[in-house]
Structures are given as C-alpha cells and as structure tokens.
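Following the hints, position chain F against chain U.
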Amino acid sequence: EAAVTQSPRNKVAVTGGKVTLSCNQTNNHNNMYWYRQDTGHGLRLIHYSYGAGSTEKGDIPDGYKASRPSQENFSLILELATPSQTSVYFCASGRGDNYAEQFFGPGTRLTVL
Amino acid sequence: GDSVTQTEGQVALSEEDFLTIHCNYSASGYPALFWYVQYPGEGPQFLFRASRDKEKGSSRGFEATYDKGTTSFHLRKASVQESDSAVYYCALAVNTNKVVFGTGTRLQVLP
Numbered sequence: 001e002a003a004v005t006q007s008p009r010n011k012v013a014v015t016g017g018k019v020t021l022s023c024n025q026t027n028n029h030n031n032m033y034w035y036r037q038d039t040g041h042g043l044r045l046i047h048y049s050y051g052a053g054s055t056e057k058g059d060i061p062d063g064y065k066a067s068r069p070s071q072e073n074f075s076l077i078l079e080l081a082t083p084s085q086t087s088v089y090f091c092a093s094g095r096g097d098n099y100a101e102q103f104f105g106p107g108t109r110l111t112v113l
Numbered sequence: 001g002d003s004v005t006q007t008e009g010q011v012a013l014s015e016e017d018f019l020t021i022h023c024n025y026s027a028s029g030y031p032a033l034f035w036y037v038q039y040p041g042e043g044p045q046f047l048f049r050a051s052r053d054k055e056k057g058s059s060r061g062f063e064a065t066y067d068k069g070t071t072s073f074h075l076r077k078a079s080v081q082e083s084d085s086a087v088y089y090c091a092l093a094v095n096t097n098k099v100v101f102g103t104g105t106r107l108q109v110l111p
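Just so you know, the protein sequences line up as chains U and F, in that order.
With the numbering used here, the residue at position 14 of the first sequence is 14, and numbering never jumps.
With the numbering used here, the residue at position 60 of the second sequence is 60, and numbering never jumps.
Any given hint could be a false lead.
Partial list, derived from the structure: chain U residues whose beta carbon lies under 7 Å from chain F [what the hints assert, rightly or not]:
| id | residue |
| --- | --- |
| 1 | Gly42 |
| 2 | Phe104 |
| 3 | Gly105 |
The set of hints was computed from the structure by calculation and includes no laboratory data.
We treat Cβ as the ideally placed atom computed from N, Cα and C, and that holds for glycine.
Pulled out of the complex, with its shape left as it was, chain U reads as follows (with noise of 0.2 Å):
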C-alpha cells in the first residue's frame, strides 16, 4: 500500500477561491515537506514541517500556508488561488537527519482559471 497519499489528484479552482491540498502518510516520520513541480523550476519547497503543530516556511512561501494537525496529516492551503499557482504539487515525508531520503505522493494538479 503507498505510504503517502494526496486528494484531490486532480483540482481546477477559480481564481480568488480557497483550495485546499491534502496529504496523508503512513511511514510515521517527523518530517513533512509540500513542493511545487514546474518545467524549467524542477521541484520547489513550499513548507515544510517537524511534526504535529509546527509549519516551518520552505523557499517560496507566499500565497500558500499549511497545516499539521496530526502526525499522518499535512495540508497545504491556498487561501486566494491565482493562474500562476497553476501547478503540479507533491507530498513528501521523510525522517529528519540529513542523509534520510524523502517518500513522495502521486501528486495534485492544480488548475487555477
């Protein structure tokens, strides 16, 4: 069974409307991560989290917050969707240290119009 999942797989939302992504994981690590997918830009790290309660901003934080209620849960949240967060979204979770490898989700594409 996959260890990290993500619903929707497939959103198209309306410009200046919420959306929200949501991640599930199995493999209870620590770590949480939320990356946008784009040609020429290759993956980039949204946030990112330690554990349940904490959101730590990654390296292109504006427009996007997040949440970690549980351990297993990490939602990503586009409060006002614009046509440039038009994108693919992955999930990912890992253990922490620094030579631990990150577990991927299918991905979510995003259709802002």
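This is chain F only, laid out in the frame that chain U set:
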C-alpha cells in the same frame, strides 16, 4: 544559498548507450547528495545517496561518485534501457530538514 545545477535539460539516447547526466552543487556546509528518479504520472522516488567525499552511490545499474574537489555528483549508467526513460533529479541536503533539488533532466531512451 545552497544550489544544484543540472546542465542537461533533456537527453536522448538509444538502448545500450552510455549515460552521463551532470550534476554540480554549491553548499555552505558538507552536504549529503542524492539522485531521485520520476517516472511519468508518479512522484519522485529515491535512487541512491552519498554522504562523504569519494563515496560511490549506486542502484539499478546507475552510479555516481561524490567529488568534493569538483563539487560534482554525476549520474552514470553503462547501458540504458527503454524502461530507464524518466526525469532524473540531483539533490543535496545540508541540514536536517531541507533538501534542495536541481531542475531535473528528462531522459528519453529510444528502442
């Protein structure tokens, strides 16, 4: 800040060709280096890592050697197959919580 540079955006090869994808890094500390692979419609998945100078990481026939002198971690495979077609990401981690990814290299292997 810390960064990873992959010079090839796309690589096209025939089956059994030799593969090299170049990766150079810039980091303030002593990073761990990674390669990830992403198949169509999936999330990236860990391929292998190296954490110290001259260490070789390898998996599934792919390998790379950590070179602190040239700040490089080039991915190589002696004989590629069509099933290796994917996007390959080089990445580094300097502290415990953040990984910096390169822009990715799309590999297309023609039968």
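Hint check:
| no. | hint | in the structure |
| --- | --- | --- |
| 1 | Gly42 | holds (4 Å) |
| 2 | Phe104 | holds (3 Å) |
| 3 | Gly105 | holds (5 Å) |
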